[in-house]
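**Student:** Sequence:
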Amino acid sequence: MDRNRFKQVWLPLSDSFYRVAFTILGSGDDAKDAVQDLYIKLWNMRDSLDNVRDPLHYGVRTVRNICIDRLRRGRRISNDDVSLAEDTSSEVPAADRSLAGREMLEQLEKAMDSLPQAQRTVVEMKFFRQLEYDEISAMTGMSPINVRVLVSRARKAILSAMKDYMNF
Numbered sequence: 001m002d003r004n005r006f007k008q009v010w011l012p013l014s015d016s017f018y019r020v021a022f023t024i025l026g027s028g029d030d031a032k033d034a035v036q037d038l039y040i041k042l043w044n045m046r047d048s049l050d051n052v053r054d055p056l057h058y059g060v061r062t063v064r065n066i067c068i069d070r071l072r073r074g075r076r077i078s079n080d081d082v083s084l085a086e087d088t089s090s091e092v093p094a095a096d097r098s099l100a101g102r103e104m105l106e107q108l109e110k111a112m113d114s115l116p117q118a119q120r121t122v123v124e125m126k127f128f129r130q131l132e133y134d135e136i137s138a139m140t141g142m143s144p145i146n147v148r149v150l151v152s153r154a155r156k157a158i159l160s161a162m163k164d165y166m167n168f
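Take the sequence shown: its position 13, counting from 1, is numbered 13 in UniProt numbering, and each next residue is one higher.
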């Protein structure tokens with residue numbers, strides 16, 4: 001893939017990638033860094049990108065994995081971490097919150113990965129890209145009612161998977 005084709009295909013998707021990264025990381029700077037890492041990764045593998053059928057899905061999945069790797073490695077520094085360094089008396093609660101957040105994110109990842117492809121696709125479009133049902137319908141070729149049903153079933157499946165984790 002040449003430079004112009006890369007710009008034409010991948011750069012218009014940067015807002016979607018940023019929203020996904022921000023949702024996971026919770027920080028605008030961290031989200032920008034994650035998207036930049038994504039573009040570096042994509043550029044380095046540009047010769048094989050012509051084979052990608054759905055650039056948006058591929059990019060969302062890749063940026064999500066980049067964000068999860070950042071969280072697992074603990075490379076993310078946020079305002080909470082700065083406050084934690086200044087106030088050591090709150091060390092345990094902040095650490096517990098951080099660990100619980102990572103565990104919940106992992107559980108959510110497992111729940112999303114267990115969804116059938118059609119449900120996972122419409123959930124990503126609805127919640128990560130913040131598209132309306134009509135827009136999803138037009139992009140997928142499904143009826144708006146079918147899109148709503150898939151989103152509803154996916155929500156129930158995710159809630160069920162998270163119910164055991166959250167104890168409610």
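Any given hint could be a false lead.
Unchecked claim - Each pair of labels, with its calculated beta carbon distance range:
(1) S143 / N4: 34 to 40 Å
(2) N65 / P144: 17 to 23 Å
(3) R148 / L108: 18 to 24 Å
Stated by the list, open to error - In silico lysine to aspartate or glutamate, EDC-like type, Cα no more than 16 Å apart, as pairs:
(4) K41 / D69
(5) K126 / D69
(6) K110 / D50
(7) K156 / E103
(8) K156 / E109
(9) K163 / D69
(10) K156 / D113
(11) K7 / D69
(12) K126 / D15
(13) K32 / D47
(14) K163 / E109
Hints are computed from structural coordinates only; laboratory data are not their basis.
Everything numeric in this text was worked out from a predicted model, so none of it was measured.
Think of the CB as a built atom: it goes at the ideal place given N, C-alpha and C, for glycine as much as any other residue.
**Student:** Of the numbered hints stated earlier in the document, which are not met by this structure?
**Tutor:** The structure breaks hints 2, 5, 6, 7, 9, 11 and 13; every other hint is satisfied.
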